[in-house]
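**Q** Listed below, chain by chain, are the residues.
There are 4 protein chains.
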Amino acid sequence: MANATALGDLLSTLLDRKLFPRRGGREGHLPDLCRKLLAETSEASGLQLAASILETYRQLPAEGRIAFYRFLNDDLDIDANEVARLASIYAEDPCPENFRNLSRASEPKRQDLFRRLNQAPGATAELVAMRADLLSQLAHAPELGRTDHDLVHLLRSWFNRGFLVLRQITWDTPASILERIIAYEAVHEIHTWDDLRRRLQPADRRCFAFFHPAMPDDPLIFVEVALTDGVPGSIQGVLSDNRTALPEEAVNTAVFYSISNCQAGLAGISFGNSLIKQVVRDLSRDLPGLKKFVTLSPIPGLSRWLAAEGLEAAQNDPTQLRRMAALYLLDAKKKDGRPLDPVARFHLANGATVHQIHSEADVSDKGIALSGGAMVNYLYDLSKIAQNSEAFGQKNEIAATTALRALARQAAKNRNAISGRPKVHRETDRPSPDVPDAGWDEEAAPPAAQDAS
Amino acid sequence: MANATALGDLLSTLLDRKLFPRRGGREGHLPDLCRKLLAETSEASGLQLAASILETYRQLPAEGRIAFYRFLNDDLDIDANEVARLASIYAEDPCPENFRNLSRASEPKRQDLFRRLNQAPGATAELVAMRADLLSQLAHAPELGRTDHDLVHLLRSWFNRGFLVLRQITWDTPASILERIIAYEAVHEIHTWDDLRRRLQPADRRCFAFFHPAMPDDPLIFVEVALTDGVPGSIQGVLSDNRTALPEEAVNTAVFYSISNCQAGLAGISFGNSLIKQVVRDLSRDLPGLKKFVTLSPIPGLSRWLAAEGLEAAQNDPTQLRRMAALYLLDAKKKDGRPLDPVARFHLANGATVHQIHSEADVSDKGIALSGGAMVNYLYDLSKIAQNSEAFGQKNEIAATTALRALARQAAKNRNAISGRPKVHRETDRPSPDVPDAGWDEEAAPPAAQDAS
Amino acid sequence: MANATALGDLLSTLLDRKLFPRRGGREGHLPDLCRKLLAETSEASGLQLAASILETYRQLPAEGRIAFYRFLNDDLDIDANEVARLASIYAEDPCPENFRNLSRASEPKRQDLFRRLNQAPGATAELVAMRADLLSQLAHAPELGRTDHDLVHLLRSWFNRGFLVLRQITWDTPASILERIIAYEAVHEIHTWDDLRRRLQPADRRCFAFFHPAMPDDPLIFVEVALTDGVPGSIQGVLSDNRTALPEEAVNTAVFYSISNCQAGLAGISFGNSLIKQVVRDLSRDLPGLKKFVTLSPIPGLSRWLAAEGLEAAQNDPTQLRRMAALYLLDAKKKDGRPLDPVARFHLANGATVHQIHSEADVSDKGIALSGGAMVNYLYDLSKIAQNSEAFGQKNEIAATTALRALARQAAKNRNAISGRPKVHRETDRPSPDVPDAGWDEEAAPPAAQDAS
Amino acid sequence: MANATALGDLLSTLLDRKLFPRRGGREGHLPDLCRKLLAETSEASGLQLAASILETYRQLPAEGRIAFYRFLNDDLDIDANEVARLASIYAEDPCPENFRNLSRASEPKRQDLFRRLNQAPGATAELVAMRADLLSQLAHAPELGRTDHDLVHLLRSWFNRGFLVLRQITWDTPASILERIIAYEAVHEIHTWDDLRRRLQPADRRCFAFFHPAMPDDPLIFVEVALTDGVPGSIQGVLSDNRTALPEEAVNTAVFYSISNCQAGLAGISFGNSLIKQVVRDLSRDLPGLKKFVTLSPIPGLSRWLAAEGLEAAQNDPTQLRRMAALYLLDAKKKDGRPLDPVARFHLANGATVHQIHSEADVSDKGIALSGGAMVNYLYDLSKIAQNSEAFGQKNEIAATTALRALARQAAKNRNAISGRPKVHRETDRPSPDVPDAGWDEEAAPPAAQDAS
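Protein chains in written order, with the UniProt record's numbering: chain A, 1 to 453; chain B, 1 to 453; chain C, 1 to 453; chain D, 1 to 453.
It is possible that part of the hints are untrue.
When chains are identical, the list treats them as one kind, so a pair holds in a single copy or across two.
[Claimed, not checked] Derived pair list, reagent style SDA-like, types lysine to any residue, alpha-carbon separation capped at 25 angstroms:
| id | residue 1 | residue 2 |
| --- | --- | --- |
| 1 | LYS413 | THR192 |
| 2 | LYS384 | LEU33 |
| 3 | LYS413 | ARG197 |
| 4 | LYS366 | GLY64 |
| 5 | LYS292 | ARG104 |
| 6 | LYS292 | ARG345 |
| 7 | LYS366 | ARG197 |
| 8 | LYS335 | THR41 |
| 9 | LYS333 | ALA400 |
| 10 | LYS36 | HIS153 |
| 11 | LYS292 | GLN48 |
| 12 | LYS109 | GLY393 |
| 13 | LYS36 | ASP381 |
| 14 | LYS413 | ALA307 |
| 15 | LYS36 | GLU92 |
| 16 | LYS109 | GLU82 |
| 17 | LYS36 | GLY268 |
| 18 | LYS109 | PRO94 |
| 19 | LYS384 | ALA39 |
I should point out that these hints are in silico values taken from the structure, not numbers from a laboratory.
Here chain A stands alone, though its shape is the one from the complex:
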């Protein structure tokens, strides 16, 4: 068995050398560079080494990257037996020395490596990109979940709310940031720069984003807001290209009509809740006339659920569609008792109330395909957010208006008339994380991200 291991080591080393080609002899083998960095005591030399490693990594082909992840996952893991031993010692004598020994042993070396890599200029964005890449491998190599756990642990610490900066995005924002807004918008596509301008420049529009100081020109998440007179029931109305801006004195409602996460590599680290509440606070202060804060949100799982329930016919009748949407949002649940709809989960966890449902509210191809054109307003009532959030978190209780509950009851009565076949309550088995308005499909928020939430 010792021999088998030795052979395995040899083969693995040879494979490694092929996938991590030496670059000009100067920089050496990637695992060697990493080990050298871990041993480096001079900050400045470490910084140079970190830059070399990231440069080498960037130029790796796909299979080289997987080999690198395996190196991180296996070679830079903890020694579990040593951890067990040190934990027993500490249990006997909890002195600081024993604690430090255990503490060091129980942190995989790859965490220290990530921290050292981060010293290089621009490294934070590269580590975020590395995680996006790693996430895309998890379906095929689930064992890499160990490395992902460590990386996301570190990223969550670095992207702590205390380090984020809220900035308003306007037509005066640098074009290099605006083109990212165009690219990242995931709910209602921004087709052109004129389209973007219509969402930023009018006096009754706002956009806010969180940034991290180490990635100052790349937003983490952003929300688009329309200031309106009353709660709107159509996204095409909100985004119309021949509207007149509403004067400030006529504004009484702020509509969050699009929230997009920007960084696939930060999946599972949630910024949306903080963003919405900060924006509610800032807008309240600046516009005393604002009385209501609502979303105009997609119902991404509605069509799929209607099909699963044999209720497709409801899509042909606006009234029935609104009723079935209410039923879906209030009654369709996952096995864990939480709502089936990922956007609903996001806003309800934040403490919002299901407020109003509109048919013919998103008549784009995408809107029709996902929800038969229906959309929903979630209401952020500051006086109820805390208790709603708690009731939902502890008892899965959904806050909804009386009218909306009535709609759902009517739907429950009518469903047999529509479907013809008996209800079979089945949870779809598709993975579905909690998300803001965008990113509710698997690509954008892969299964592994759920662990982190």
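Chain A is fixed; fit chains B, C and D onto it per the hints.
**A** Chains B, C and D alone, transformed into the frame defined by chain A:
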């Protein structure tokens, strides 16, 4: 025994309630608040709770703080038996699920608490201040070293080089920052604003500092630089208040004449090496005429060592003082084989060379008291830094000029003539961390900090 | 006759009241408001009054504006007899008191009015717009040239070079400024935001603009620069959308391929010379490898001149076209002895040398129409600029390379072969100001502007 | 006589050459350089020439400067006979051509010179300094008033309110600006940086300044504001160094306790009115609890007037002093009917009301010397400013409270009892411009400045 424990718990709870008084009934007992924060799932509510905890902490009297640290240290520690159990399971089956379970169990809850506290506005500076306070307790309560280990672990991650920003400090810098420079200067005191101006405004003076984005108006470390023609041998000459600024074309040397760490709460997290090398790089780029980068550094342990060696008489003769200083820097060692002088350890670990020794170089009271007025230039020769640093790190080899080695040899010959009593090589038993020019006394860099270096 | 005048006054007053309708009774008749402003002693009330006047002016229909200009031109003119009287007094006794009296009398009240209007927020941009509008009236109402003279006198003083700020335009510049760059580009149209990005973002492209602090988001003039290896001979090559950026070490030439004036209201106030020289200075400092500074300029009058000379046939033969272009640039003159080509006049007055001519250099419809596709490089050789500029200014001497002079000589020999009809040297009678690469047609730089140059 | 003139010319030329020494042959004689600059057509060469002239001027000794001013005053004056001739022509035929000819002839060449000089970097500040120097010569050489008239005319145009920027001065302001605030404070001296900090850092203190974009680090005027609960009656109370800052909710009054003009070279160009009104507007918007805006102003002429009136005895009795101060402010007039007190003239012209008088309000040596320690509050009541300002401007009517008028009446009754000798109403013959709180003595605002106001 169960009863005794129960009684102890009761007493401890009562004590806690006395030291953490409820503030208006609304915010509750500090440990309760912390437990509530650890359980909070809403980011926004967590943020408010974090702010309350920090506010409550700030108002605690000294004994209340110690009780709070004990709560962190004991109640929010790991369950070592559980860690041992999970480590054994993981050793058997290293699947991601088992890894995550072990990983969570082996991180003390106080780490999560610190991260959650950090979400509140301004929290980072408060956590740094909390560590400064905690450090001051370690001498009397060394068991708190466990909590210190966790806090410094997190701070080192947050104050990663990749997040630091180098800014030049000039006479155009906001006064609110400049007054901190005055307060933090720890090597050559800045007596007045005019004194400060003389170090910033002339064309042949520079000052650079590292900042963290979460503490944008509070420097972490700064270095003061004089641009000179040749290597200066007197700090009073450098700081003279009636000099004429040297024209840029006459400049060939950059002298780092003062480096000060600013944050006691970040003791053990080293920024000096990065700072010096970044400044060397920036100055080289901006001033192509620069040929030499040296320090003009104190020799803080010299007088004490001369006294211990019975060589006080050397202080009366400049030539002898220079020789003995050379001997001290090159030969006086700690038990671990590294130099006795903390400033020497700092610059030698960075890869500098002991370059030149000057007597009558700091004739201030402090300079006379510490080193009989002697100072030393450490040379930063970019072509030798890496190999010097490695030789020092691995073999405790000290880089020094030939002339300086000759001085030390002469000293070795002369010492009996001076002292009269036989040499007893003793290491002083005073703790002495590696430090840049300032902070070489125990107050500024307490013992616990050494663990972190 | 007195009666006729009185009647005229009456009619004129009635007409005035119709064209300057009272706004709500509060603000009154525009001339009255202006007179009130001229009499106002409180700065703050004056500021409010100024804002009202500009607001009223903005809402005037076209004919109302003309009436307003006539009011400025006639009612706020000087009293010439009084000026003559005071001048005679001053000639007798040049004491300060007499000087002040004459000085005040010889400045039309409208100048004081313009200065007072300028106190309102945003007024500077509005006065620039007012002049643009006024300029457009001059062809039909040349007597308004008096008011134009005063307004441009003031604008030239306010837009003094000492107040202008040079800013680089990059892809990080606010979109609100970039969209103006797109709109103002007058030489080689910017079709889309991607097109713009290709001129700003690559490492071998630059763009610089002058701004005035009172119009911080509206450029006055900008120049687009390509950094190249050698002098390029085709604008389509420079603007190609599938090039690879040149690495900095390969760059030896800076090509000014487009210079556009942005403000029609500042016609006759020249910024191009300062802009080019400032940019040459800044680029030289930042890119020591730069050896040559050239333009790639249109020859806007070439086709028209070829037609007038009966030399259209030259457009069919690249070689002939290059020769005729050389002849045109060196020999075709206005009555005042200066070159017929307005772009040539601009660069030659700046001290540039006619360097090289390229056929098939601008194959866009516009390029073909104006010059049969030919373009020219003007060379900015810093060591010759001053003497070139002086020789051109005093003796109309044109600096050109030997090769270019040879081309022109060949053209002179060949022209009869091409045209068939005898040369009739005629200056086109079209007005033609000196301009940088853009704005050489009458619309952009109306006749009145010439007075100001 | 022709010979005498020729001789004079010769002598004057020789004198000139002595006073304007050639600098290394390169730059030539200052008048020659100026004439060359006036003839220069290239902007860029002009810019260089302008820089040379200013450099040469800076190095002139005092007598050289006077010679330079004489050159500006005499050689670059208008040709009055030519102006008279062109004015007559224009009176006959007011065509634009004739207008332009007259317009050019009636502007002295020195104005064009000043504009051209201003193109050099930093020139604006140098021209402001030049005027300060010129003003200091006017007492001995009043004929230079012609040049001063032109220079102030231009500066007034350049320092137009529309170009000024209001910035708050805080403890975060660059030290280089703060040290100017310390130096420029002219009402209540700032003794140390701590003293300054007490006026900037507390939450109930504000400071605002106007800046010009061409002098971005040098304020033009600034005002210091205390936010208080009620109207304070003692400047020492306001500036006390052991106060507790008032919480925002307790603030109802903004006290302008010091207004200082900074630039002697801008004497006669008034910024104070605009500054106060802009600050009132901004504070009203930011602090809705503010109900009252008052000054706490010196009464600089009171002691002098009491002495002139034989009423010195009033200084020994607080009650009498308050009465006499009321009498002085309301009744003591200049020949032109305006108040004798220069600070009163400033605030009354702005539309303020004389509100309250306090004895023992400024017990500093200066306060006692100038006004026996009395101070006055002027009230800025936004609803009355316009009518007060108009009434004062047109009819010299002084707005005052009923109580204050009653005080003045009592004083009128009592004065004989105090003085013993009959009232002789005499205006002091000392020149006395209208000023804000500072600069009311002759040195700070010399006679010539009055012409400009």
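**Q** Next step is simple, just say for each hint if it's right about the structure.
**A** Status of each hint after checking the structure:
no., hint, verdict
1, LYS413 - THR192, "neither (45 angstroms within a copy, 55 angstroms between copies)"
2, LYS384 - LEU33, "between (54 angstroms within a copy, 21 angstroms between copies)"
3, LYS413 - ARG197, "neither (46 angstroms within a copy, 58 angstroms between copies)"
4, LYS366 - GLY64, "neither (37 angstroms within a copy, 52 angstroms between copies)"
5, LYS292 - ARG104, "neither (51 angstroms within a copy, 41 angstroms between copies)"
6, LYS292 - ARG345, "within (21 angstroms within a copy, 52 angstroms between copies)"
7, LYS366 - ARG197, "within (23 angstroms within a copy, 30 angstroms between copies)"
8, LYS335 - THR41, "between (51 angstroms within a copy, 20 angstroms between copies)"
9, LYS333 - ALA400, "within (15 angstroms within a copy, 74 angstroms between copies)"
10, LYS36 - HIS153, "both (24 angstroms within a copy, 21 angstroms between copies)"
11, LYS292 - GLN48, "between (53 angstroms within a copy, 22 angstroms between copies)"
12, LYS109 - GLY393, "between (35 angstroms within a copy, 21 angstroms between copies)"
13, LYS36 - ASP381, "between (54 angstroms within a copy, 23 angstroms between copies)"
14, LYS413 - ALA307, "within (18 angstroms within a copy, 86 angstroms between copies)"
15, LYS36 - GLU92, "neither (35 angstroms within a copy, 30 angstroms between copies)"
16, LYS109 - GLU82, "both (14 angstroms within a copy, 22 angstroms between copies)"
17, LYS36 - GLY268, "between (31 angstroms within a copy, 22 angstroms between copies)"
18, LYS109 - PRO94, "both (23 angstroms within a copy, 16 angstroms between copies)"
19, LYS384 - ALA39, "between (53 angstroms within a copy, 20 angstroms between copies)"
Comparing the model with each earlier hint shows violations of hints 1, 3, 4, 5, 15; every other hint is respected.
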